[in-house]
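Each chain sits in its own coordinate frame; assemble them with the hints.
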Amino acid sequence: MPTRRRALLVLALLALLSLASLAVALAVGSVPVALGEVLGALAGADTPARQIVVDLRLPRALAGFACGGLLALAGALMQVLLRNPLADPYVLGISGGAGVGALAAMLFGLAGIAIAGFSFVGALAAMLLVFGLAHGDGSWTQTRLLLTGVVVAAGCGAVVALILTVAPEQKIHGMLFWLMGDLSQATTVAPTLTVLAITLAVTLPFARELNLLARGAEQALALGVRVPTLRRIVYFVAALATAAAVTTAGSIGFIGLIVPHLVRLAIGNDQRLLLPAVVLAGGSLLVLADTLARTVVAPTQLPVGVLTALIGVPVFLYLLSRSNRA
Amino acid sequence: MMLSARNLAVSIGPHRVCDGLDLDLAPGARLAILGRNGAGKSTLLATLAGLRAADAGVITLDGRRYEELGLAAAARLRGWLGQERGDPFASTVLETVLTGRHPHLDRWAWESTNDKDIARAALAAVGLAGMAERALQTLSGGERQRAAIATLLAQQPRLYLLDEPLAHLDLNHQIATLELLSLRARRDNIAIVMVLHDPNLALRFCDRALLLFGDGRHAEGPVAAVLNEDTLSALYGHPLRRVENVFIPE
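In the order they appear, the protein sequences are chains A and B. Note that my numbering gives residue 100 to position 100 of the first sequence, counting from 1, and the numbers run on in steps of one. In short: position in the second sequence from 1, add 1000, done, that's my numbering.
Only pairs whose alpha carbons sit at most 20 angstroms apart, straight line, appear in this in silico SDA-like list of lysine to any residue:
(1) Lys1116(B) x Arg6(A)
(2) Lys171(A) x Gly117(A)
(3) Lys1116(B) x Arg1134(B)
(4) Lys1116(B) x Leu1105(B)
(5) Lys1116(B) x Arg4(A)
(6) Lys1116(B) x Arg272(A)
(7) Lys1116(B) x Pro2(A)
FYI, nobody ran anything at the bench for these hints, they're computed from the structure.
The following block holds chain B by itself, in its conformation from the complex (with noise of 0.2 angstroms):
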């Protein structure tokens, strides 16, 4: 498995964010992190991209834990994607994206080019080929977003932690990034978490999905199994309906 879970319990402050979870997600697998606001979906992903401490519980990467792994290790295995971008000083968009490529460089190296090769080839993956000399600092919101998503893709990792990789992104870009995202967890067999607000693209781009409803509770399952009218309508405290023949970008 590449990542593992068992027995997880994961709070913030007095709220639980779950108790007693396991969770096993092959390479290849793609599993959705579904919640409202609040409900801990961050802090449980941080929490099993080993950046902050459990509660209880025990997660492995590729069999080991953190501990075992060290930083530098765990960092050229899983690669995590947060929801800040702040960057007080200039850099150019390749700088940001070379910064993925520091687990795989010894303390004294600089990139080389077959760095460079890696991490310009990953901002051509999210489309922002030409934009490799451009300040970060002049991107747009959706523009950086993709340059985040860049630099983890430069990391090389084998399991991606996403926390809503889809912000700030336009409808195109949505779409073209969860088909990125497939055709990794397809071709090069990563395993990917990703915290997602609509219960459709969960649907149609991953193939388990974790609920968490904001009390402790949490279900993990298929999506098909998971994903049905009552629990999405009691995930999101509203009534929703399923529909069949809506309107979908293709």
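Excised from the complex, chain A in its bound form (with noise of 0.2 angstroms):
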């Protein structure tokens, strides 16, 4: 168990490798740039660099780091929630609305902000229907939510499949870029940040009581625990969290599975540090996976949900291998 002053060193480690990533995102590409030119330009010189490292790397490496924060504390919520190592945000069909959103959208031949706006009322249309139909008789079982979710995502997946059909030649390479995950788009990140600052600030205050809803609802209740509203809270804040991740960058699949996990072999399952710690853990991992993703056969660009299964998978299975004696 981490006493608060152990959990703050970590936290303060992770800072420092989102700051090492953030910078290497800025450094990196087809034109390299120093690290201190990269300072200079951050700091408002006028530099040649400036145009590339401030217009071009900045907004896509924030909006990597907290669409991949994002994620990850979706995850880690969704696993707590659902207590089911296996939940991932996706897991309960939000992906899948946004999916079904933005797919609609470029199909329409809309663009740019038209289609974030989609697949984001496609993700809250998927939050409310799973929610309306787990709670209809005023239980909610774990189970219950899951099977809803999971049928949900199954419904989309297969309008997807459908609208990928029938989609024109030319709309099928960006529909799939969006499916597997693509920072490319991302442009705006105010609002990303944004949310992620809010959903981290809303569950924060409850992360003991969510590591006694991770042993058992009825153990929480009987040890204090308010959990139908607690329940609710996670629920929307996980479901805004993967909205706006997704609604940002697409479906980037792992991060959200993976990371906790991962965060958890090292450093344990007390949710008041694994929450701010999957974050800033989920944020340079997506970082470093986009950096790699546009620079690693440039010019040629790949999905960076494909790179961050790629270093996902290994990582995970090695890790995962090794604390089986414990």
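Okay, here's the thing in structure tokens:
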């Protein structure tokens, strides 16, 4: 069990890692920029590198950080809410709803902010649908919520497949990129970063109660946790975080599943430390993965979702096999 | 009275557990709930713990209803030991026992050294002193049961509501646990309600018994009055005969 001091130390280290990952993202690319020039450009010096660093790379890096943080936070919350280590932000169909919205927008020939708007509406619709169906008779078991979400997600998947089938050839590429997760369209980062700050600020006061909820609802209730209220808060916060991330960058996979587990293996399952830690770790990982995605076979850009999986899966399997003895 | 129920009616769907149940438990009193599988022992216990609503009647803890107390104050007064043990995520035994301190901590507080001392003392009381840093998942069923009892001890409530506290325990630890509970009742004036399956243990370690017959009828009173051949035979639907000279663990 971490003490408050050790928790702050871990968070300070992760904050440094986050800054380092952002620095790498700003410096690396088809036009390498020295670290000194990066700092100069950020400080406002009018150098040639300024446009590349501040206008091109910074929004994308910050969007990546925000999305990674949101997905990891949503994943950690879903795992606690459903008391299921296999849960991730997409398990309850929120990304499916967003996917249907985004692809429908693309099918109708909309672009830019309209796609984001449609996907956010789709995510909210899926969220309310699952919540309404699972909560219909007043009882709320994890199994019922999980099954409802999985079925809604499957339905959304079918609609996505249908849209892909009827969509004209030239739109398919963009749709596939969106589905695999892609940060190249992310230009406005302020809303995403704001959602990240809000979701973290809303959940942190309940962190110790989440520790109890993870051990069982009845026991948590007997120890004084307002379980139904807490579950609703966690559900809507996780759904909002997922919707914001998916709207910004499409369905980037594996961050929401793997980062909470990675962090848990390293520092334990105390949500007071885990929740802020997964935000920093998830943000850093996605920034680094995105930097790789746009540089490794430049000028071709890979969908970052593919890279998060390619990095995340072996790292996760390695850590899991190492921790088996525990 | 530590725990009182007046005219309590509890049911599970169409199945009536009890009707018109009156109960008074003074500090230091130990009540055993006995009945067949499915008679509603756990449901009644959860109702007494304020975890589910009763059909009718009033339950008071130390003179106040659960709605008046609020969840946190109720958690400082009564502890509840459930039957389910499931932890999908890894944690140590000490972390688990420390969850019992939750109702005593402010929203932003972390567990203090004092809380950890209380948790370690609780672990020692159930015979798990050396196991604090072990992963909970590596414990045996009986050890996990004792860790759950330690969590309840660390909660430091004045009323224990225990659903099958002896589940998974070997004979030695069954007796040790019941003696620990009796000690708490005697020394600290803790009131205890426990669901038991062995009328002999109820007779020996409790001063009152509540029989749930499974059809809505119940009988409650001092063990000497309630536990006899007729009531127990009716309770379990199997003839029981009283034998005085059997071997029982000391």
